[in-house]
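Peer 1: Which chain is which? The protein sequence lines are X and Z, in order. Going by the working numbering, the first residue of the first sequence is number 1, and it counts up by one from there. Going by the working numbering, the first residue of the second sequence is number 1, and it counts up by one from there.
These are calculated hints, taken from the structure and not from any lab test. Computed from a predicted model, the values in this text were never measured in an experiment. Even for Gly, the Cβ is constructed at its ideal location relative to N, Cα and C. The reader is advised that the hints may include incorrect statements.
Claimed, not checked - Derived Cβ-Cβ restraints for the label pairs, each shown as a range: (1) His266/Z with Phe184/X: 47 to 53 angstroms; (2) Gly219/X with Gly111/Z: 51 to 57 angstroms; (3) Asn8/Z with Asn347/X: 15 to 21 angstroms; (4) Phe184/X with Arg192/Z: 54 to 60 angstroms; (5) Phe187/X with Gly111/Z: 48 to 54 angstroms; (6) Arg170/Z with Pro374/X: 52 to 58 angstroms.
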Amino acid sequence: MNGLFQSFGKGLTAIFFACVVAWALVLIILPQLAMLERAMTKPARQLDSSVAGSLERDAANCVNILGHYLEPTEASAESGGVAIPSATGMAIPSMSGMASPTLNAGAARPYILQCDRATTHRKMVRESGERAFLDQLYDLPALSVSADAPIPDQIETARQIEQIAAQLYTTLQEAEANASQLGFGNFTAIGKPVMIPRTAEAQAQSDAAWASKALSLIGLRFTKDGNSYQRIGLEVLARTLFFAICATLLSLIVCYPIAYKVALATTPERAVWLMLGLIIPYAIVELMRIYAWTSIIDNRGLINEVLLWVGAITEPIQFKRSALTVFVVIVYTYVLFMVFPIYNVMNTLDRNQIEAARDLGASTARVHWRIIMPHSKAGIAVGCIATFMLAAGAFSVPRIISRGLQSEWFSQTIYNKFFEAENSNIGAAYSFSYTLVCFVIVAVFMWVMRTRLKDFARVQ
Amino acid sequence: MTSERILNGYMWAFIAFMFAPLILMIVTSFNDVSPPSVTDWRGFTGKWYAFFWMSEADIRADPVLRALDRDRFVACFGNSLQVAAIVVPLSLLLGLSGAVLLTRWRGRANGLLWWVLLSPMLAPGIILGLSALVFWGRLGVGAGLFTVMMAQVTFVAGYPLLILMARLQRQPIELEEAALDLGASPFHVFRRITLPFLLPALASAAVIALLSSIENYNTTMFAKGGACTFATEIGAMSRNPNGHPPVINAVGTVIILITVVAALAHAAVSRREMR
Chain X
1 MNGLFQSFGK GLTAIFFACV VAWALVLIIL PQLAMLERAM TKPARQLDSS
51 VAGSLERDAA NCVNILGHYL EPTEASAESG GVAIPSATGM AIPSMSGMAS
101 PTLNAGAARP YILQCDRATT HRKMVRESGE RAFLDQLYDL PALSVSADAP
151 IPDQIETARQ IEQIAAQLYT TLQEAEANAS QLGFGNFTAI GKPVMIPRTA
201 EAQAQSDAAW ASKALSLIGL RFTKDGNSYQ RIGLEVLART LFFAICATLL
251 SLIVCYPIAY KVALATTPER AVWLMLGLII PYAIVELMRI YAWTSIIDNR
301 GLINEVLLWV GAITEPIQFK RSALTVFVVI VYTYVLFMVF PIYNVMNTLD
351 RNQIEAARDL GASTARVHWR IIMPHSKAGI AVGCIATFML AAGAFSVPRI
401 ISRGLQSEWF SQTIYNKFFE AENSNIGAAY SFSYTLVCFV IVAVFMWVMR
451 TRLKDFARVQ
Chain Z
1 MTSERILNGY MWAFIAFMFA PLILMIVTSF NDVSPPSVTD WRGFTGKWYA
51 FFWMSEADIR ADPVLRALDR DRFVACFGNS LQVAAIVVPL SLLLGLSGAV
101 LLTRWRGRAN GLLWWVLLSP MLAPGIILGL SALVFWGRLG VGAGLFTVMM
151 AQVTFVAGYP LLILMARLQR QPIELEEAAL DLGASPFHVF RRITLPFLLP
201 ALASAAVIAL LSSIENYNTT MFAKGGACTF ATEIGAMSRN PNGHPPVINA
251 VGTVIILITV VAALAHAAVS RREMR
């Protein structure tokens, strides 16, 4: 600290600290905490108070609508023919058409949805399988608006229900404001099994696939009572991580010789040009490199047209529907993030060491294994982490390449859960769990490789 | 030596693999057919480029181009510049502060600071966008360009951090000490010695921050709300069941050309410096 004061002065040091604290807190830590909080919050529509609130609204609407049926003749005289046609016109077809058994010919009004829903015996939002009702839960009188009663009585009942519900709503809201609404319910949604309706044939076909076998082995697919279930959330997660790890390994295998060639096996003059050949694709906007692939893999794209022309196929292959295509394009897009860290470290190796080893009779494999690889371990680790993270978090590649035609990448699942599902808090839970999973994988990998975070600064 | 020839061949195959899609992209941008294709050649055209300056009447006359919204495209690009105008200076400032503290501060929390500041670079981009959205939404700021800026700064600041740190570690501390001994104020030393020393690194960090801000898709997509940027607008064009318009390939070709020219210029300059 004193050193900082000495070389930068109090003012500048304070500015540096303020900036770093703002970065760490406002941009990194607090957003993750907000995310965690969101992930643990039950969605508002599931709260008991919201059920009471909607009962109150229904009862109020019921009172309003019933008011129109109270004195039909009077109303018609006043409104001059506008209300009557609509009132009778709507009432008659529904009377005859719906013909519900409770509705005898003498009923004073047609079916009204709001009045039907205005009952204190109302079902609560609970986990599937669990049943609870508002009146039993909170000890309310069992009131409901009966269509057979005279209309003034109905209005009276609806008013009562409205009052009871309003009271309950305020008390429940107060209670809920004080009670914590946090829980792990949203997280369990990730592992929830979903029943897949399938014919026996389709089932047998799907069971035969090796991916399906692997997934049932780890319990993500199972059969119960003749129905097949899949834990879809976990399945997508497992598949994404599997592909991301494969992409990382493939990139490593592809890139190691490249980095070796540019760093150690060529003259510096030629290395400049080879570097250009690597830097140019690296610097081009990621989206454009993905778009460049569409004209290759389209149904009328390069590969299909060539294969058709040769006569190897008669129907175009649907590359866009294959997860393998997404995999290949991900490797293409992110492979260079592996080259540069390895190159940067290899570049610092003294070539004389290699010469010495050769002179002492080491084989090429041995030189790599004992000299070059240990030296470039940090670069390999950083490259692997970068590639893995990019591949695991890939969103643009599956979105652009597949156009929604094939099964999802986990990042797409998060997007769909957050922006398109009814409960966005589950999306937050997915996202937070994904962060945790990725960090655990990286931490384990760093521990295995004995890499420190400081290597990141060294190899960039 | 055969092993050397194999390695050479492999190297060229790899470079060909990297460049082949890009070359196809350039070719398709001159083909008069939509969606872009290399196999179905319908004649040379420059209209996918001319889209950006041709008259409204011409655009309406073309069956492919008339479905596109040029003004929106330009506005989104403007948004991108706006975002970058905030993100680049802010991330340079944060990156510089972080680099100074990580290299010079020997406090107890140093190790923790490493983890915290580098974690955005280790996290999947989508999560940064989403958490910025949730966090600022909680504070009452709706999703839009502001959340995009905040989400981008979170990880873009990491690039200046790493670049400046590498440079700071090589800074001769004696210069600074000499200036301090001669009675210069610390601020003066920073302005006259440290900053000039960091200037080349700051410049390259700014370029990298600018590029990564403009091209960022994953993070932006999650934080943007109803707003749009250059990258998200281009990404949105893929959601067309008939394939994307070749205008994208024209834009891509321009980007490729700019990148190639810039890379060649950079290589030429650094070669001259080497001599």
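Peer 1: Hints first: check each against the structure and report whether it holds.
Peer 2: Hint by hint, here is what the structure shows:
1. His266/Z with Phe184/X: 47 to 53 angstroms: Since the Cβ atoms of His266/Z and Phe184/X sit about 52 angstroms apart, the hinted range of 47 to 53 angstroms holds.
2. Gly219/X with Gly111/Z: 51 to 57 angstroms: At roughly 38 angstroms between Cβ atoms, Gly111/Z and Gly219/X fall outside 51 to 57 angstroms, so the hint is violated.
3. Asn8/Z with Asn347/X: 15 to 21 angstroms: Given about 19 angstroms between the Cβ atoms, the range holds.
4. Phe184/X with Arg192/Z: 54 to 60 angstroms: holds, 57 angstroms
5. Phe187/X with Gly111/Z: 48 to 54 angstroms: violated, 30 angstroms
6. Arg170/Z with Pro374/X: 52 to 58 angstroms: violated, 25 angstroms
Violation of the numbered hints given earlier is confined to hints 2, 5 and 6; the remaining hints are satisfied by the structure.
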